[in-house]
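Protein chains in written order, with the working numbering: chain R, 1 to 278; chain D, 1 to 296.
The hints are simulated quantities; they were obtained by calculation from the structure and are not laboratory data. Model, not experiment: these values are computed from the prediction. The C-beta atom is built at its ideal place from N, Cα and C for all residues, glycine as well. One or more hints might be untrue.
Cβ-to-Cβ under 10 Å is the rule here; a few derived chain D residues that face chain R [stated by the list, open to error]: (1) L34; (2) V112; (3) M117; (4) I178; (5) T190; (6) Y192; (7) I205.
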Amino acid sequence: MRKKRLAGNILKNSLGWIIALVWILPIAGIFMTAIRPYSEVINGWWQFEEFNPTFSNFTGALFHESSPLLQGMINSLYIAFPATIIPLILATMAGYGIARYRFPFRKTFIITVVMTLALPQQMIAVPIFQIMSSLGLVDSFWGLILVHTAWGIPWTTFFMRNYFKTLPVTMEEAAKIDGASDSQIFFRVVLPNAFPAIASAAALQFTWVWSDFFLALILIYSPSKLLATQRIPLMRGQYQVDWGLLSAASITVMIVPIMIYILLQRYYVRGMVGWTIK
Amino acid sequence: MELRKAHIRNFVVFVLPALFLLAVFVLYPTFSTLFMSFVGPEGELTLQNYQSVFASGDIINFKNIQQGQFPFGTLVHNALWIAIHLPLTTFLGLFLAALLRDVKGGAIIKSVIFLGMVMPLVVGGIMIRFMFDGNIGIVNLFLKTFGFPTQTWTAYPETSLLALIFGSVWLWTGFSMIIYSAGLETIPKTYYEAAEIDGASKLRIFFSITIPMLKPITVVVVTMTLLWELKIFDIVYVATMGGPGGSSNVLALQMYLYGFRAWDFSKAAVVAVLITGLTIFAAIPLIRSAGEENVQ
C-alpha cells in the first residue's frame, strides 16, 4: 500500500513537471533569445556552443531608430495611471451606490452593466472614432484615457458592488446613528474597509489598460505617441524577423504586468477569481 | 438586507458620474453601431450591408468549405477556435488544478502557466510566432527530434489558424487552472473523507464529488472562455494579420480591416453587430445570475 502510494507520488510529480516544461521552455526561450546576439541563436536558442550574454537587444529595442520602445513605455504609463485611478474612483462610488441604495431602474442599471461586460470593443469602435474626431481628441492621450475610463467602469462597478455586498452594514448604521452624513460614512467608514477590493480592481484595470492594443490602434497614430503595445509589431523588421529585438521588446513590455502580478499576487488572483466565486 | 432609499442627491453623487460616462462612451456607441449596420448610402433603412458582407464570403465561404481549403470565412474560423480551444483549456485547466495540488513546487508551476494570462496579448502573439517559427521555434525542435517535417507553421494557409489556436491554448489555460484551483479549495474535506470511508475509488470520488461541486465554476469558466474566443484580436493581428490570404482571419480582425483599413463603416458595423450578438448569447448565464441575485 505504501509502495503503491509512493509510486503514485513519483508519477504525479514527474507528470506535473513534464507538463510544466511546455510552459517553461518557450518562456526560457524568449529570455535566452533576448539576452544573446541573434547570430548565436539563429539555429535555435538551445544551442550553447557560443554564449555571450548581452544587453544589446534591449538597448536596440528601447532606442530603436524608427520606433523607440522607451518612448512607448512612457506613453503607456501616461495612459495607464489616469485610466486606472479615474474609473476606480467613479466605480467605487457607483458600486457603493447600487449596493446600498434603492433607486429607480436599479435593476436595469445592473443588468446593463453586466451586458456591457460581454460587449466586444469592436461594437463601440466606429462611433468612438467619430465622437473623438468631432471633439478633436483623436490621436490624443486624453481621448484614449476617456475611453478606457468609460470601458473600465462597468466591470469595476460590478466588482466593487459585489464586494460591498459582503461588507456588513452594522458599522455604517452605527455611524449613521452617531450623526454622520452619507458622504462622511462613505469616506470615513466604507472606503478604508474597501482597500483589498480597490487594490484588486486597480491591479487588473492597470494591467488591462497597459495591455490594450485595439483601442490604441484606432485612436493613436502619430509615431511619437504610439504606446508600448503598438510598437511591438513595428519591431518585426522588414524582410526578416529580428527575433533578438522582438523578444527583448516583448520582455520589456510584459515586465510591467508581471511585476504587478508578483507584487500584488494576492489581490490579482482574488480579483480574477472574485467575480466568479462568491 | 434592507436597502436604503436614495435621496436624489445621493444618486447624483454616487451613480451619475459613472452612468454618464457609460452612456456617452459605451451605450450610445453600441446603439449607434447597431443603427449604422442597417443604414444604406442614402440614409435609408436597409439590409443591404448584411447582404454584401455575407455575399463577400468573408464571414462564411461556402465554396472554400466545400473544397476543404482555407479560408473558410471568419465566422467559421471563430467556430473552429471555440471547438478546439474551449474543451482543451477547460479540461486541461481542471486537470492541472487537480494534479498540481499534489506536486512538489506546484505553486511555481502554476505561476509559470499563469504567465500566459498575465502577458499582454500582443506579446502573446509574438510568443506564438516564436514557438511555431521554422528556425528557432521549440515546436519544430520536437517535431525534428521525432522525425516529422518542420516549417514556420503560421506562414501556411493550411496550418496558420491551427497554430494560432494551439498557441492560444498555451496562453489561456492559466485562467481555467487558477479558477478551478480556487474552486477546489472550497469543497469541504469532510466530503472526501466520508467517501473514502465508504470505500469509493479515487476516480469515483473525482466524478461524483469534485465535478458536480465545480459545476457553477465551470459555467463561469466556459462563459469567460467563450467571450475571449469570440473577441480574439490582438494575437491574430500580431502573429499573422489574418493571413496568409485570410486563412487565419477572425471576426474581430475582419471588423477592423473593414472599418479602419478599407474605411467602410457600414460593413464594419455589420461584423461588430454579429460579434456582439454572439457574445451576448454566450453571456446569458452571467446576465441571468446577475438578474436573479437582485430580486431581493
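Quick rundown of the hints versus the structure:
1. L34: 8 Å, holds
2. V112: Check passed: Cβ of V112 of chain D comes within 5 Å of chain R, closer than 10 Å.
3. M117: 8 Å, holds
4. I178: Because about 6 Å separates I178 of chain D from the closest Cβ in chain R, which is inside the 10 Å limit, the hint holds.
5. T190: 20 Å, violated
6. Y192: 16 Å, violated
7. I205: This interface hint is violated because 15 Å lies over the 10 Å limit.
The structure shown violates the earlier hints numbered 5, 6 and 7.
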